[in-house]
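Build the full structure now, drawing on both the sequences and the hints.
First to last, the protein sequences are chains A and B.
Read left to right, the first sequence gives residues 1 to 197 (our numbering).
Read left to right, the second sequence gives residues 1 to 472 (our numbering).
In case anyone wonders, no lab produced these hints; they're calculated from the structure.
C-beta: ideal position from N, C-alpha, C; glycine also.
Please note that the accuracy of each hint is not assured.
Just so you have them, the derived chain B footprint on chain A, three or more residues with Cβ under 8 Å [as the list claims (entries may be wrong)]: (1) 12-26; (2) 39-49; (3) 179-188.
Derived, one-sided and incomplete: chain B residues facing chain A with beta-carbon distance under 8 Å [said to hold, decoys possible]: (4) LEU60; (5) SER64; (6) THR73; (7) LEU316.
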Amino acid sequence: MLDVRDGSAAAFEELVSRYQGRLLMVLRHLVGSREQAEDLTQEVFLRVYRARQSYQPGAKFSTWLFTIANHVAANALRSRSRCHEVTLQPRDSGAMGGRPLDKMLQASSGQMPARQLDKAETREIVQMALESLGERQRMAVLLSKFEGMSYAEIGAVMELTPQAVKSLLSRARESLREVLQPYFDDGVRPTRELHDE
Amino acid sequence: MMNDDSPHPPASLDEQLVAYLDGELDAESRRHVEELLTSDSEVRRRLQELERTWNVLDNLDVASPGNQFTQTTLEMVALAAHQDVRQSLAAAPRRRRRRWLAAGLCLLAALAGGFFTVVWLTPDPNRQLVEDLPLLENLDEYRQVDDIEFLRLLRNAGLFVGRGELPGGPASPAVETPLQRQQHIESMSLGEKSQLLRLEERFLALDQGQQRQLRQLHQAIQDAHDALQLRQIMHHYYEWLKTLPLYTRTELGGLDLADRLESVKKRLKDDHGPRLGDRDSEALWKWMNRFVLLHERQLLEKLPESRRRELAKWPLQTRQPMLLTLLDGGWRRQAAGPGKAPALMTDEDLASLRGELSAETRLDLESLPKTKQWQQVAAWMHYAVRQQHVHGNSSFVDDERLADFFEKELPDEERDRLLSLPGDEMQRELQRLYLKGIKPPDASSRRGRPPAGERPAKKKTDKSAPPAKPGS
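Here it is as structure tokens:
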């Protein structure tokens, strides 16, 4: 990053190629749309470029990068003209019901079509569970899960104390458990209820 | 918005379990949780549920960017960078604009492959730039000539004629088609593109009238039947100009064409007396370097303590040209003055030099009175140092350090003066000022401020970006 700060184009290119995937991953699951996540990822790199002089040696770059990403995403989410809150409830899942998740994951390769279907469904349900979280819980989960950040680092990104992060993550994981546990145990799919805020 | 920052009650069991899974508990809390896990099956079950929920997040889509995405990102940033440059130039008052440009010039000079070079990744055809390319690549030459008639006057007087081809051969960039120019730009290295951008910025910083005049001059030369010869004369005239002091060049530029021609003729005849040939130039240069080597300690003692310490950091091969540059100011005065021996030089040194010159030059020198001999030697030495600068053999202060010096140490008026110079002259002057350790005229008002390196640099920050915290 110091090379970027000092004006190296090659260093900036290297920085983009190294971090864009990680950034896109977090933003994709934070805002829920691949297209918007790509726009935001580019916006973050633009801000990194414009603010490069404020980067200080010794600062961990990924923390600084995701702090910018957090601000950019928060602004984007705030500016959505119509916000949808997602509430998930366990329900009977009809034809797909009754198949515990862990059994699905254990499906053999000989059952590939079913397995592929199950994986797609699992992905969808996990995505829905994640979207059921508040924006800040979601960010904390993504930084912890995919960036492997400590509570202190997440706190630096989100401007929270480590204790607040601990509490935030605990509530987030409990919410995820509430949504996913019925599916684990009984194959009960959550329902997605959308309503205006 | 969730109230995450409110005071927290004692950690719940879930919080402790999650922190345990995340490896965030201190030793005592971890021991406590492990005791609970050993003794309480309900706690164990709870931990397993939390862990399983966490692990299932691995099923989320991986969002991989494609190559096109990377390219688009770089292009977008490059374009924004370019727009920033334009806006800064357009919005800033003249002085600030020049200062900004100055910082940009220094940085661009310092950073081969600098950041703004990314703008070349943009698909924007930059039509005007392509059109101006031959002008931009020879901007300093065009600025010194400013009228095609002057080139013809030089030719008719037999000056700067037949001195060889243009660098890169006789091919004329003026005959390139726009497509060829576009391809030429695309084939440039990042450093070359950076240099071209720097030239473009300098050109655009001129007022509209000057821009128009230079374009017309370029067009006139391009359309002339003797275009190649005129360009060669322009090039060699400029090469000669670069060896002249700044004030002389400024003076020449202010004269009308006929007077300028006469002045050039006179200077070519009188300046520094007879020129040394290659062999004698080499002998002189070796003699000068030997002198500096032998007298380094005494020369250093004449410098302020801070400058002496600074010089001591450099290796010998760097220190020597630095000392030569420091001495050059004195030699220039000796060349124009009463002809005393330069500092620390004795008649023995003069005799030693005479012994190394060719017989013809030695005889010419010996035919002069002693004071005139010193005057002539000082002029030769001054010319030799300037030639070293012109040919880039003495860029011994690294560009980054120079850029820092320029940005933080020089007063506004000094920066403005430097900016009025062509690029190479600006660089040379900057080196000279740096080496001389010239203090700004208002140095007293700066007293008490910490050295530049310890001051926080003036930085343009994006308010939307948080300050990075060291060690975070």
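Structure-based check of each hint:
1. 12-26: holds (count 8)
2. 39-49: holds (count 7)
3. 179-188: Check passed, 3 qualifying residues.
4. LEU60: Hint holds; LEU60 of chain B Cβ to chain A Cβ min 6 Å, cut 8 Å.
5. SER64: holds, 6 Å
6. THR73: holds, 5 Å
7. LEU316: It is violated, given that the least Cβ distance between LEU316 of chain B and chain A is near 29 Å, above 8 Å.
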